Structure formats: structure tokens, C-alpha cells
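Spelled out, the chains give:
Protein chains: 2
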Amino acid sequence: MLFRETRGYHRRWPQKGAMRTSIATVCLSGTLDQKLVAAHEAGFDGVEVFEPDLVASPRSPEAIRARAEQLGLSLDLYQPFRDFEGVGPELLEQNLRRAAAKFALMNRLGIATMLLCSNVATARSGDEQLAAVQLRQLGDVADRFGVRIAYEALAWGRFVDSYEAAARIVRLADHPRVGLCLDSFHILSKGHDPEAIETIPADSIFFVQMADAPLLSMDVLSWSRHHRLFPGEGGFDLGTFMAHLVRTGYDGPVSLEVFNDTFRQVDPLATAVEARRSLRWLEHVTALSLGSAAGGGAARMSTASLPAVAPPADVNYVELRTGELQELRRLLMQLGFRSHGEHRTKRVELWSHGAARVVIGAPDSEHVQPTVAGIGLSVRDPATALRRAKDLFASEVPRDERPGEEPLLGVRAPDGSEVFFGAEGATEPRWVSEFGIPGHDDPHLIERVDHVNLAQPWQRFDAAVLFFHSVLDLGAEASIDVAAPVGLVRSQVLRSADGILRIALNLVPSGASDDAILPQHIAFASSDVIALARGARERGFEPLDIPGNYYDDVEARYQLEPGLMEELRELNVMYDRDEDGEFLHFYTHPIGTVFLEVVERRGGYAGYGALNAPVRLAAQYEHRRVASQGAPA
Amino acid sequence: MLFRETRGYHRRWPQKGAMRTSIATVCLSGTLDQKLVAAHEAGFDGVEVFEPDLVASPRSPEAIRARAEQLGLSLDLYQPFRDFEGVGPELLEQNLRRAAAKFALMNRLGIATMLLCSNVATARSGDEQLAAVQLRQLGDVADRFGVRIAYEALAWGRFVDSYEAAARIVRLADHPRVGLCLDSFHILSKGHDPEAIETIPADSIFFVQMADAPLLSMDVLSWSRHHRLFPGEGGFDLGTFMAHLVRTGYDGPVSLEVFNDTFRQVDPLATAVEARRSLRWLEHVTALSLGSAAGGGAARMSTASLPAVAPPADVNYVELRTGELQELRRLLMQLGFRSHGEHRTKRVELWSHGAARVVIGAPDSEHVQPTVAGIGLSVRDPATALRRAKDLFASEVPRDERPGEEPLLGVRAPDGSEVFFGAEGATEPRWVSEFGIPGHDDPHLIERVDHVNLAQPWQRFDAAVLFFHSVLDLGAEASIDVAAPVGLVRSQVLRSADGILRIALNLVPSGASDDAILPQHIAFASSDVIALARGARERGFEPLDIPGNYYDDVEARYQLEPGLMEELRELNVMYDRDEDGEFLHFYTHPIGTVFLEVVERRGGYAGYGALNAPVRLAAQYEHRRVASQGAPA
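Going line by line, the protein sequences match chains A and B. Take 1 as the starting number for the first sequence in UniProt numbering and just add one per residue. Take 1 as the starting number for the second sequence in UniProt numbering and just add one per residue.
Next up, chain A with everything else stripped away, as it sits in the complex (with noise of 0.2 Å):
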């Protein structure tokens, strides 16, 4: 179930974009015939070749060049080659020696560019001059085998520490084989302006490569071989940095070179999709970043705009599925949910409340997991958003429709879980009407759906960020880390600007066994919490019970007046307080790995109550012992 975007994957997308765009092997996992054959699934138009990859490959050099023009993809750089320049008149040799031992290789794979990276060991002078004589040296080298070389500043070099620098040398060594590597991880990590980029002149700016990474205060090396990201799922300002390059007039590979060791370890073809999507936002942010005044390359690029879409107006609905929906239904009610009664085709029932929609199903083949199935939102033009998606090479869920129904078009999220597009405008979706029982107008203490929390495997996190980032344009929030009973959970929250939307991601932690509760909830926004509880109360509803400690502690902490004080403990009700508003919201028992929650937000509180999940995530776990203890044996 993990990988279900790409499950039946074939490559679709012929068309090249305006980037020409390359993936260094060491992105993906496995062999490196696995490696060319996820890139050119996810439709890259080219490789690098990472050096390990090659020597540990059972085929020839001649049998990886023959398998990558078999695939349409062109091996576009050989790397790495490091500590050459700066260094002594005998190391020199040898590294002349060396380097014509790689470039004659190259020649096997018929890759035209090297890259060599900064001298981070055995430079012993950091004298420009010294360097551009010795990159001259190579490249008269490079010139016998008809290859060129793309220096590039290491962030952690010994000498050579900025792409300035890089730039001064290559300049120097005045040589038409000897160009720049320019990557976005060795000159952002080190906060170095990338505007000076455009003072480089484009025929000399011979590779790009670019990674992103969520901003970390730690040693830049460690930094850059365990934690880089794709574009779109880090902190980096990529969509400036690309636009400097585009000035310049570059029109060369647009190459991705993550080391993670998350993507070391999940399958190959997953990687190289989520790759290709965070190129194609690169794009978008890229002609977003250049505007529409552009000229020369940059026309060319500002017209990969992805097509804009606004901001949900809502959540149309969520869809959940349980083996439970007895159990579920009843927990609805107790919350004064009216059951809709089943659809009208589809083994589906719709229980609402206000404007806030849940609907439920038992699992099926194609809903297996996760158990919040799918999210359904009211959008503005349904059809764009389904583009916007399909363009960022999500795949569209095939969804059977019969004549008079209400068309819904969907996406499947990394996680295999689904998003719809419905038709924003009337107070009621169309769709409504498909189920048996007509809307209700009753007075309500729930308006609509706040938040959706979704569990995601460690494997597929970052993927899940870049997907709600870049398919329905979300922002997001920075991540913070949940103490569970069992391991600490890591909680990003992506968001609409407006708030309407709000999804928060959980990684549940790789080691998590079934003792761990997975996070995955839907939050129901009230205007009157203490009221809804207690009519829930008069309905038989049993809140997640909330340990005496606890309210003691919100006593201590926040000295509320003694009535509420009350109310809380006896409702189950938690609180939390900022300087914008207050947050009062209880909790489900959780059916199976679903629960429910629901919050008021009184003034401008933003949060989620971060300080309460531990105590929540307690209560489930002690829930959870207490009735397997209970159980039969």
C-alpha cells in the first residue's frame, strides 16, 4: 500500500518541459540498471552517474551507455573527481594521470562533462592563479578526449569554499573546456547571495544541480550527505535561485542531487516520480520567480507556469473507511452528526453535521488503507485543479460515475490516499442529493471540517509535503516533534493562506510497532465546544478520558476561572492558550486507527494544541492497554 501512487505506473509524459532535466543515480536506490529505469519511468531526459554506481555494476561501460540510449536517456555528468588543484608539482602528475584515466572511461559512456568538486584534502595553497594554471593543465587533458569539466565549489572546501571563487578560477583558466558546476545545497547552505550567478556568462555555467534541505543548524557536511531534499520539500529559496540562472541565458541539464538517506532506502520508481514533481514545481516557482516582463530564456521559461488555482473555498467532504462502522456511526450520531443514508450506487453512507461531511465505507479493494480514504474539496474550478495535479504527475483516480451524478475528479496522494475536486458554490454540494435522505436544517454546533491529520510512513513523508505543497498550493508550516508513549512523532502542518484548508502530516516513527497509535484524525471546528460535549454526554458519548494531573497542570499553568476550570475536567475537555486565542477541543475514542476530534477556536488561536498530543497520545495508549487487557485471552 505504500507505494499505491505508483502502483501500475508507466511512463505518460512525453512532452519536455522547459527544463531539460537529470537525476544523479545516487537519489535512487538499488542496482544502477534499477536506478536508469526509475528515471526514465518518472520521464527524466537525463542521468549523472555516480561513480560508486559505476564501479559496483556488473555491466561494462559500453553495456550502461547502449541501456541509457535503449531508455532515451543521456548520461549527462560523471562525478565525482575531487582534490586535484592546489596541490604540489608531483600530486599534480598524478592526478593528471588519474583524470585521464576517468576521461578516457567517460569516453566509453559517451558522457561529454566531469565534474570536479573543490579540493577539500591536498591543496596546499588556496592561490587562485595557482589553480586556474592547473585547471588549464586539465583541461588541455580533457581537450585530447574531447571532454569538459565542471568545477564546482564544495561548501566544506579546503580553499574553494563559494561559487564566486569557483567563478573567479574558471575565469581564470580561460580554458573552453573548463566551465562551472553551480549547486544550489554548497551555496544556500552557506547563506551566500546566488545573485552574483547572473554575472556569470551562460556558455561557461556548464551543469547545474540542485537540492533543497529543511533548515538545519548543524556541520554543513553532515547537512549535505544525510539531510538534502527534493526542490519544494525544505527551506530553500529555489524559485530566486533558478531565476538567476535563467538571466543568464543557461539552457543546460536541471540536474537533482539528493543524498538522503531516507531515499537510499525506499523503492526506486517512488523516488523518481516524487523527483520529477519537485523539477516540475521547480519550474513553476522558477516563471512565478521571473515574472512575466521576461525575455530569452526567460520567456521560455515563464511559460511553465503551472495553471493557478485559488484556495479551496472548503472541505467538501472526507472520506473514511473502517471494518468499525458500527462503531462509527454511532460515535457520529452521539457528536449530532444526521446520517444522509447510503448513495445511491456506491457502498458509501454520508453523515454531516453544519457543513462539515463524513463519509463512511467499509474496506474495499481499492480503500484498504489508509483509513482517512480520501479528502474532498470544494474548489473553484475543478477541472484546472485536476490539470494542476496531472501536470505535477500525480495519477488521476479513475472514479465511476452513472448519468446525473455529480462529477468528481481525484488524485492520489503519495500515500495512496485520495483528494477530489468538486464544484465550490452553493451552500450544498450536488453530490448531497445522491444519498437517500434529503440535507437537514437543524441548528448546529458544528460548522465544518478544521483540520485532517494523516499518518504518513516514514518512507513517503517528504514526498507527502511536496505533494500538498505543490498540488494545491499549501504553505508549509514548520514541523515540530510530539512525544508519544512510544517514540516521538514529527507533525508538519500544510495550510491554505486563508486557514480554510489545513492538513497536518504525522511521521509515524520508523520503528513504530502496532503499540503505537497512529495519529490520523479529522477535527471538527464548533462554536461551542463545552455545549457540544455535554449534549454528546446526554447521547451516551464517552470522551478519550484525560488524566486529573493534567487539568491540575492547565490550573497551575494558566489560573482559569474555577467554572470553566470544572466544566474542562468534567467534559474531558482540553485547553491551550497563546497570546492570539484560546483552543478548547476533546477527543474520540479511537475506532481501530481512527478517531475524531473537536476543537473551538476562540479569537485568533492558530495552533492545534501542540502541548496537549502528548497527553492525548497517552490517554489513546493507556485506552488501547487497558481494553486489550480487557479482551478475552
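These are calculated hints, taken from the structure and not from any lab test. Here the structure is a predicted model, which is why all the values come from computation and not from measurement. Where hints are given, some of them may not hold.
Unchecked claim - Example chain A residues on the side facing chain B (calculated, C-beta under 10 Å, incomplete):
1. 396
2. 484
3. 553
Unchecked claim - Facing chain B, from chain A, some residues (calculated, C-beta under 8 Å):
4. 54
5. 55
6. 56
7. 265
8. 478
9. 479
10. 509
11. 547
12. 550
13. 577
14. 621
15. 624
Where is the CB? At the ideal position from N, CA and C, for every residue including glycine.
Given the coordinates of chain A, assemble chain B onto it according to the supplied hints.
Same frame as chain A, but now just chain B:
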């Protein structure tokens, strides 16, 4: 199988050590109740109650107190309370009220000491006089409740970030209820010299927290929150730290406060035993650091050293368990091993070549996993070696010995594998005669076991480092990351000073699927690996196939003489070189999850061919892929 070390584990150590031991509940996973039970089972004297664990507990403070009493645990510390000092008058008022609520809670819990961390957020002034005055006010409140305050400088404190500053403030506060908490992490992570601890009066040191950590270069907050380790698992010199402390006369609790993402996820009893072992080891290194000339508290500590063990004279044998015994026998025969037949009473066989002995058998209920089921060591005094291991809370492995059989004393490592101690002395151990076929003294090309590679589940990697470091007194080398086709493998070698015993621990990536090769093997030391490989080939041996690209790379890299180069290629022997010498080695195909290696060290080469490891891992992956494709569908 993962936690076999603690299977059927019962508290067996009524004796109290030289230190009063304590552990923070945050080190262990589960509910507060589960944590208390684990701390009790592992023989701790007390626990620190971490506030979120209390807040999330469904038990009342009184019930928690009663439970701890019932388990014979003292509740030593309540934490954390933060952001108290250096604030303006209004906030001070609030903070004093908040503290009074916590003191009242501590009275209910029966906890006498509260940890107060230096202000990281709300302090407006770094004036130490002001902080001291405010702490004195807090001391007055504490006095009303009969409790005391242990003030600790956090490494990222806003103004107070060193223990010396904290000590100055406590001295200025001059209040019997106000003292210090010293935390090894906050002191050593900043590179502060712990020597000045000796200038602090013992009666103002209220509490001590110990944590080790790997020597990382990252922001200290993340380092502290995610990567702390138990003493003996990381890179801090904690023996020296403790010696300074003991010289003050301090005799309060020594408590473990270790925030670690792994420990948060795994079985709390396994973690608690590991934690208790780390404190026993800490007593030992503290005693060593104090030397024999110590008086007072130091005298008490100096009795705490573990039984001294000399480095093992040799690897006595390695025991392999596999369902594919026939295949393993053929491999051993091809490598020139000779069978000694079956054991007189046990269902295992012995094979030897030179002094390398391999005991093989089919899996049984006691030896299911891992495939390298045990290591036998020749030691000067097996009884003392066992006593040391048991003193470090290792479980003894019961062994059924018949009259006349050599007694072997064994303990279980954290991954469930066994370590047995036999007497050194004779060229051939006496137990060899318990097998059917007597010794061989043919000429041999294999000398002995060079090293053993044990795959460790991610849950037990740090525990395994501590186990081998403390029980066998092995030194830990720096760990390296090796890129496998699927995931990075972290590898760390533990070795005796003379290099006779080398155990490489490999951390299998948490997401490793069946596709990943578990890097578990025995390497034999040969005097002539080329001759051995040639002889093996004549006996039908097919080595692991190493790609031609690898040899092209070796050729470009080292310019070896053509004859040797030809032999390496022909025999699939790999090559490495460093300043001290050369390394030639080859591998067998994996049998299930185990394989064999033969190595030749020329000159002083002390490594393991790390550069070749990714190529070997890829070749094994390829071998397995091809084998599984060739199998009938």
C-alpha cells in the same frame, strides 16, 4: 528475538553499588507505570519524574508515590521547571506562584528536590546578583514546603549557560534550599573543563545527571534532545568528570537523563538494563580515574572497579547456525577447512583451518537468530571474565555440560548472540577433543579469525557498543557509513588494544526489507590470500563475483603491477591500501544471511577495506537478485 537479553529477566541484584543510581523517566518508553516497573526490574535505586510523564498519567500523585514505594524506588527529582530567574517583578510574581503549585504537587509525590533549568526564554537580565536574589526568594517558598531547588545551567541558557556561572549564582543566593544540579551533557557538550567542579562544596551539589553523546557537530539543542547516549556509548570522558565530582565528597544520586529517539521507541526493560549497565561501567571508570590513592568518598568509589580482564588471547571459535548446513560445509571444505565431526553430546560440528575454528549447527529453539550465534574467546581466567560480565548485569547462558567436558562460561549479548569464555593456554583448546575427529596439523593458509561482523537491529546498536566495550574491555573505533544498494549501513569496530579481537557491529537501517543483505560474516586471516583463493577454486569454489569496473578503478587508483592486477581480477580478490600497508580479501556468496571472507593484511594495514564494502554489498545484492529470478516461479 530482539530483546533476548532480557527474556525471562528478573531482578537479581539486591546489592547496592558505590553510587546511588537513578534514571529519568524520559529515558524509557511507555506509561509512567511501565517505566517505574522497568527501573525497578533493572535494579535502580530511584527515578527522576519527568513532568509530562506525570501529567499524562491516569494515576494520582499519591498513587504514584505509593507505587514507587511498593517497588522500592525513591522519587529523586521532579523536572523540569524552567524560565524562572532574571525576569521582571511581575513575571517573578507569577513564577513564584507557579513554583508553589509544583512544590505542593511534590509534597503529594513525596519528592524533595526540584530541578530548575536556567532561563532560556524570559530572562531580561544576566545580572547574577539579580538571579541570586530571585533564587533566594524561591528558596523561601521552597522552605514552606520542605523541598529544595537544584539549579542547572543549560548549554543554551539565555544568560546562564555554564556550571561555573550557576555555581556563582547559588553561592550568592546563599540559601539552604538552593543548590546545584550538574549535568555532564551541558558541561561537556560545550567543551567546558569539569575540573572546577572540585571547587564546589559538596553540600551545595543537590543532584547529578549523567549522559554520554556521540561527538557530533550540530546545534547543541538538537544534539541534546535527540542524540544523548548512556555512559560508555558515546565519546565523552565521563570517568574524569565523575572523579572530579567524587573528590568534592558528593554522595547523592547519580542519575541518567538521556533524550534519545531510539530509546523512546524500544522495550523499556531492555533500555533500563542497558542504562543500569552504563552506570556500573561508570563506577568502574570513575574508580580507575580516581586511582588507589583516593580517600573519603573516593575510597568508597575505588572499591567499585570491575574485575580486571586481560585482552582475549584469541578467538576460540565462532558458532554459525543455518538451515543450509550442507552448503556451509561445502564452502568450508573449499576454503581448506577440515571437519572434526560431531560433538560428543551436542548437535553441532566443528571445522578448523589453522587456529580458525567454526562450530556449525542447525537453528534450534535456543539459537534461532542471529546467524552468527556465538563467539568463543580464549581468556586467561574464564571465571573472572564471567564475573565481570555478570557484574555488568549480563545474563549467564545456562550450558549443559557432561562430566569430562571442558566448562565454557557464557553470557548473552544484547542482540541475543552468545559470548563464551574458555581457558587460554594450549595450542588447541581442550574442548576440541570432545569432537569425533582429532586435530589436524596439515600446512595451513588460514591462521585464525581476523574479525567477526555482527548485524545489529537498530534498536540494540548502542546497547551492543556498551556491552562489548564494558564486558570485554574493547575500545570503540569511530563509526563509518557504508552505502548499500538499499540504505546506509553504519559500521563500528570494537577491538582489543592488540587487535586480536575485532568485532564489527553493523547497524541495519530501520527500514531494511528482505532485499537488504544483513552484513553478518566471519573474516579469516590468511598468510597468502591469492594461494588460498587459487586452491579454493581448484576445489570448486565460486567466489562472490566482483565487477570488472571495480578492477578498472583499482588500476586507475593504485597503479599495481600488472601481474598482481591480473590475479586480483581472475580470483575476484579485492584490494585496498593505506599508509601502513595493503589489504587483499575475497568473499563467498551469502548462504542465507551469512557469508565468509578471507583477508590478508600486508604490513601494518589495520582497516577493513571500507572503500570496497559498497561494491561487495552491491555484488551480494545482485547475486541475490539473479538467484531469485532464476528460481522457479
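Checking hints one by one. Is residue 484 (chain A) an interface residue toward chain B, by the C-beta closer than 10 Å rule? Where the cut-off is 10 Å and the nearest Cβ of chain B is about 8 Å from residue 484 (chain A), the hint holds.
Just to be careful: measuring from the Cβ of residue 396 (chain A) to every Cβ in chain B, is the smallest value less than 10 Å? violated (29 Å)
Interface hint outcome for residue 56 (chain A) [beta carbon to chain B under 8 Å]: With a minimum Cβ separation of about 4 Å from chain B (threshold 8 Å), the hint on residue 56 (chain A) holds.
Given a cut of 8 Å on the nearest C-beta pair, is the interface hint for residue 479 (chain A) held or broken against chain B? Nearest chain B Cβ about 13 Å off; hint violated.
Status of the hint placing residue 577 (chain A) at chain B (closest C-beta pair under 8 Å): Check failed: Cβ of residue 577 (chain A) comes no nearer than 14 Å to chain B, outside 8 Å.
Interface hint check: residue 265 (chain A), Cβ to nearest Cβ on chain B, cutoff 8 Å. Holds or violated? Given a least distance of 4 Å, the restraint on residue 265 (chain A) holds.
Taking the closest Cβ pair, is residue 621 (chain A) under 8 Å from chain B? Cβ of residue 621 (chain A) sits 7 Å from chain B, so the hint holds.
Hint check: is the beta carbon of residue 550 (chain A) less than 8 Å from a beta carbon of chain B? For residue 550 (chain A), the interface hint holds, since the closest Cβ of chain B sits about 5 Å away, which is under 8 Å.
Per the CB criterion, is residue 624 (chain A) less than 8 Å away from chain B? This interface hint is violated because 11 Å lies over the 8 Å limit.
Hint check, residue 509 (chain A) versus chain B [nearest Cβ-Cβ separation less than 8 Å]: holds (6 Å)
Classify the hint on residue 54 (chain A) as holds or violated, based on whether any CB of chain B lies nearer than 8 Å to its CB. holds (6 Å)
Against chain B, is residue 478 (chain A) within 8 Å by beta-carbon distance? violated (14 Å)
Checked against the numbered hints above, the structure violates hints 1, 8, 9, 13, 15; every other hint is satisfied.
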